[in-house]
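Engineer: Each chain is listed here by its residues.
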Amino acid sequence: MSYSVEDIEKLVEPARVHRKVYTDEEIFDLEMERVWGRTWIFAGHASEVPNAGDYKTFNIGSQSMLMVRNRTNDDISVFYNRCTHKGAKLVGDGKGCAKAFRCPYHAWTFATDGKLLATPPTKTLETSGFAPDDPEYNLRPAAQIDVYHGFVFVNLDANAPNLNEYFGDSLTSIDNMVERSPEGELEIAGGVLRYRHDCNWKSFVENLNDNMHPMATHQSAIEACQSYAKELPEGQEVPETVHILGPFGSSYDFFEDMSHVVFPNGHSYSGNKVSIHSAYPPVPDYVEAMETSYGKEKTKEIFSCARHNTVYYPSLTIKGAIQAIRVVRPISVNCTDIETYTFRLKGAPDEMLKRTLLYSRLINSPSSIVGADDLEVYERVQSGLRSQGHDWVSMERQKDNDEPQADGSIEATGSSELPFRNQYKYWLQLMTNTDTVKIKA
Amino acid sequence: MSQYQRPGLKKIEAFLYHETGLLDRMQLREWIDLFTPTGDYWMPVTPDQEDPVNHISIFYDDRDLMEIRLRHFDNPRSHSKDFTIRSSHVLGNVQLTDFDEGTGDCQVKCNFQCVMYYRDQQQLYAGTCDYHLVLIDGRYHIQRKRVDLINCDAPHGSIQTYV
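The listed protein sequences derive, respectively, from chains X and P. Each residue of the first sequence is one higher than the last, beginning at 1 in this note's numbering. Each residue of the second sequence is one higher than the last, beginning at 1001 in this note's numbering.
Accuracy of the hints is not assured; some may be wrong.
Unchecked claim - One side of the interface only, derived from the structure: several residues of chain P facing chain X at Cβ under 7 Å:
| # | residue |
| --- | --- |
| 1 | VAL1045 |
| 2 | HIS1055 |
| 3 | ASP1064 |
| 4 | LEU1065 |
| 5 | ILE1068 |
| 6 | GLY1157 |
Honestly, the hints are just simulated from the structure, not real lab data. Note that the Cβ used here is the ideal one computed from N, Cα and C, for glycine as well.
Just chain P, same shape as in the assembly:
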C-alpha cells in the first residue's frame, strides 16, 4: 500500500501561486525559507542544459548565495537595487509530471510569464519552470526550482531578482 496519496492539481497550484506571489511582493526571506537546506534555484543559459556545475548558468544559487543576495538587497549601498522591483507572475499549463508514492515528492512543470518593472523599464521573462517539491512535516518545500527562459541564450541586461 502506498504511503502518500497523489496530490490534486489544485493543491500544487496553490503552492506555486504562493511561491511566485512571494517573489512578486519581494518577500525574499519567506521565499528562501520555502527551500530545503540543500535546495537550489537554477536558471540555465542554454536550452536543455543538463549540468549546473560544469556549465555556466545565469543563476545557480544554493541557500548560501540566496542569503547573501537577500542581504545585498537590504544593504542601503546596493545601488543597483535603489528602486523598487515590481513583478507579476502568471502561471499556466501546470502538470504533475512525476510523483513518488513512497516519499510524497512531486515533479511539477508549468509555463510562466513574468513581467518585471525596475526604474522606468519593463522586462518580460517567459518560459517554463520545473519544480522538485519535497514534503517536510507535511508541507511542500523546494528541492530545486529550475527556470528555463525562452531567450536564455540571448544577451541579457542585469536580471534584478529571482524570476
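This is chain X alone, in the form it adopts within the complex:
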C-alpha cells in the first residue's frame, strides 16, 4: 500500500501505536525521508577528525555521508558521499586522511571542501557543452551542519529549525558530560564497537528510557553478579565489574525514583535526581583535578547530575556520567547497527577512561550479558509484532499525568511510559508532513 497522511494518523494514538510502525518496510522508507531526512542526526565527534584532511564515512539510513575536516578553512564539512558525475560512492567506507577525493571511476577529483578540482582532460572540452566549473558539480553538502561542544550534527533539510532550537534544554546533558572534564573538553578514545541488532531502530531508542525493564530483562545478569559477589571471601575487594553490573539490579522503587524529563521533538532523559550511575566509588585524583578546575561547590553540582541515558532523537543516546555514547544507524525495518564510542575527559586521570571502557565492554559489547538480554527482547518484539492477534503496542503507563511545564518539558515518575509517548507525538508530526525536504541550503 501507499500510505496517505490519514493512513499514518491511524497508526499512532496518544498512548499506543500500531505494530506496522515497527514492521512495515514502506513505513521504514518513509521514516528515512521524513524523520531521518528532517532531524538533526549525529555524524561524529570533532576529535575523530583532528587534522586537516581527516575524514570518516557514516550512514543516514541507506545514504552514505562523508565527514571531513576540510583543508580550506579547517572547518568540518559533511557531504553526500557520491560522485557528482555518474553517482559512484566517492570514498569507500571507513576513515583516513585525504589531500583530495578522487573518484575511482573517471578520476573526477574533489577538494576536501567539496569543490570539483579536476576532471580528465579532453581535447574538445571547450566545445563539448560540459562545464566542470558549474557549482552543481561540487560535492553536495548536508543542508545544515552544526557542532555543539565537538558533537557534529547534520540536518538534510534546509527548512528544519536550527540545532539549538531542535534540541532545546536536552543539550544540558551534553553540557554536563563536557563539564566532567577538568579542562572542559572531550576526546573520542578507545575505538568503536559495532553491535548488529536484528530489530527496528525504535525498539532500541525506546528502551534507553525504559525504566521498567531492567528488573525483568536483566534479572539473570544481576543474580549472576550478586551470587558471585556473595561467594567472595570476606575482606576481598569487590571487583569493579560488580560495581557496574550491580545497580542494574536496583529495585522497582529505585527505578521509580529515577524519574524522566522529556522535551519537545522526542528528546528525553531518565535519572533526573538519581540513577544507576550515582554510586560509583570516586576516583580520588579525578575529584581533586575537578575541584582544582571548578572549585568544590561547582564540582559537587556537576557530579550531582548523574543522568542515565539522554536520547537525542532519533540518532544519538548518551551517558554523561560514564562518558559513553551509542549511535543508532538504521539499516532496514528489522536491522539496526548500534555504534558505541567512548570519551577521554581531558585533564582527568587515565583511570577514568579505563572505567568508561570497562563499562562499555560489560554493557554495550556484542559479548555483553546485559546487552545480549536486551537484544533478545528487541528481537522477540520484532518477531512478536508479526502476530496478527493484536495490532497495538501499549505505552499507557502514567498517561494521565503528562503535565507540560512552561518551557514545554514534562517530568514524570520513573515507571511512566512518557518518553515513548513523547517520541511518537513527534514521529507522527514528522511522518504526516508531506512537504518536500529542502536538500539545498
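Starting from the known structure of chain X, fit chain P onto it as the hints suggest.
Structural biologist: Coordinates of chain P only, in the frame set by chain X:
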C-alpha cells in the same frame, strides 16, 4: 643447564584440543578452571590491537567476569541463553612460537574455525588464537587466550559464548 625441556607439538595440541573441546561441550566450569587466577580471555575489536584496557574489546574477561558469565548461563531467566549452544572448533597450523626454558612457559599460535549454532542460526567465527601457557604443578594453565577474529571490526550480533 635448562630446567625445562621444550614440549613437543603433540603435547601442545592435546592441550588445545582439550580446551576447545570443553567449549564445544559447554563445560564452562572446567574451561574456566584451566585459567590461572590472574588469567584472562581477550577478543580484540581491531586487528593488531595492543591494549585490552585503554581500548575497547569484544571480550576481555578476567576470572571474576568468567565466573559471573558462568552464573548467567546457569540462570533460568537469562533469556538470551534459552537455547542450547553447540559449537565445533577446528584448529590448525599450531606453532610453539616461544618457550622459556627457565619457567616452562609457552607461547602458542594457531588458526581456528569455529562453527557456532544457536536457535536456527549458524555462525562461522575464524581467525587466530594466541595462548600464553604456564606450568602449574606440571600441568598447563592459561595465562592469556587471545582470539583475533578475521572480521573483528565488523558489526556482530550477540556472541553467545567464548570462541
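Engineer: Next, verify each hint and record whether it holds.
Structural biologist: Consistency of the hints with the structure:
no.: 1; hint: VAL1045; verdict: holds, 6 Å
no.: 2; hint: HIS1055; verdict: holds, 5 Å
no.: 3; hint: ASP1064; verdict: holds, 4 Å
no.: 4; hint: LEU1065; verdict: holds, 5 Å
no.: 5; hint: ILE1068; verdict: holds, 5 Å
no.: 6; hint: GLY1157; verdict: holds, 5 Å
This entry satisfies every hint, going by the numbered hints stated previously.
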